[in-house]
Amino acid sequence: MNEYDLNNNGIIDDGPEREIMLEDRRRKMEDQDAKRDTQRRLTVACTAGMLLYPFAILIASVLGYSEAAGLIADIATVYVVAASGVVAAYFGFNAMEANK
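The opening residue of the sequence shown carries number 0 in our numbering; numbering runs sequentially from there.
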């Protein structure tokens, strides 16, 4: 509360002090909302990537790019582990925040 008390009287007065406080709270809420949206989009992208990855291998095989399909399949273990970590972290941190 003291950071908004410009005249150090111990009270947040109507006027500039209250406007600064409300603006700061509004910006913090907008930042938190943007952060949640970004985390959600990242998690959806990782989940979609994990689900579509086998189709990329299949499509490469069907199109006759067997060497490319093999290379993509070799990378799959690393990609799936990394994407799973992102998704697990998202759900884990959301669960931790819900328990606060």
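FYI, nobody ran anything at the bench for these hints, they're computed from the structure. Certain hints may be false.
[Stated by the list, open to error] Below, computed lysine to any residue pairings styled on SDA-like, alpha-carbon distance capped at 20 Å: (1) 27 with 84; (2) 34 with 84; (3) 34 with 23; (4) 34 with 75; (5) 34 with 18; (6) 27 with 58; (7) 27 with 49.
[As the list claims (entries may be wrong)] Here are the simulated distance ranges between beta carbons: (8) 44 with 96: 17 to 27 Å; (9) 19 with 44: 33 to 43 Å; (10) 16 with 50: 43 to 53 Å; (11) 32 with 98: 18 to 28 Å; (12) 55 with 21: 47 to 57 Å; (13) 93 with 64: 30 to 40 Å; (14) 25 with 63: 29 to 39 Å; (15) 87 with 16: 22 to 32 Å; (16) 69 with 28: 42 to 52 Å.
In this text, a Cβ means the ideal position worked out from N, Cα and C, and glycines have one as well.
Hint-by-hint comparison with the structure:
Between residue 27 and residue 84 the alpha-carbon distance is near 28 Å, which puts this suggested pair outside the 20 Å criterion. This hinted pair checks out: residue 34 and residue 84 have alpha carbons roughly 18 Å apart, not beyond 20 Å. Between residue 34 and residue 23 the alpha-carbon distance is near 16 Å, which keeps this suggested pair within the 20 Å criterion. The suggested pairing of residue 34 with residue 75 is violated, with an alpha-carbon distance near 28 Å, which exceeds 20 Å.
Proposed proximity of residue 34 and residue 18 is contradicted: the alpha carbons are some 24 Å apart, above 20 Å. As the CA atoms of residue 27 and residue 58 are separated by approximately 45 Å, the hinted pair breaks the 20 Å bound. Proximity of residue 27 to residue 49 is assessed by CA-CA distance (about 33 Å); at most 20 Å being required, the pair is judged violated. The supplied range of 17 to 27 Å is met by residue 44 and residue 96, whose beta-carbon atoms lie about 21 Å from each other.
Checked against the hint of 33 to 43 Å, the pair residue 19 and residue 44 passes, with Cβ atoms roughly 37 Å apart. Restraint check, residue 16 to residue 50: a C-beta distance of roughly 51 Å satisfies the suggested window 43 to 53 Å. A beta carbon spacing of about 21 Å between residue 32 and residue 98 agrees with the range 18 to 28 Å that was offered as a hint. Checked against the hint of 47 to 57 Å, the C-beta distance between residue 55 and residue 21 comes to roughly 49 Å, which is consistent with it.
Taking the beta carbon of each, residue 93 and residue 64 are about 39 Å apart, inside 30 to 40 Å as hinted. Separated by about 57 Å at the C-beta atoms, residue 25 and residue 63 break the suggested range of 29 to 39 Å. Checked against the hint of 22 to 32 Å, the pair residue 87 and residue 16 fails, with Cβ atoms roughly 44 Å apart. At about 49 Å, the CB distance of residue 69 to residue 28 agrees with the hint of 42 to 52 Å.
Checked against the numbered hints above, the structure violates hints 1, 4, 5, 6, 7, 14 and 15; every other hint is satisfied.
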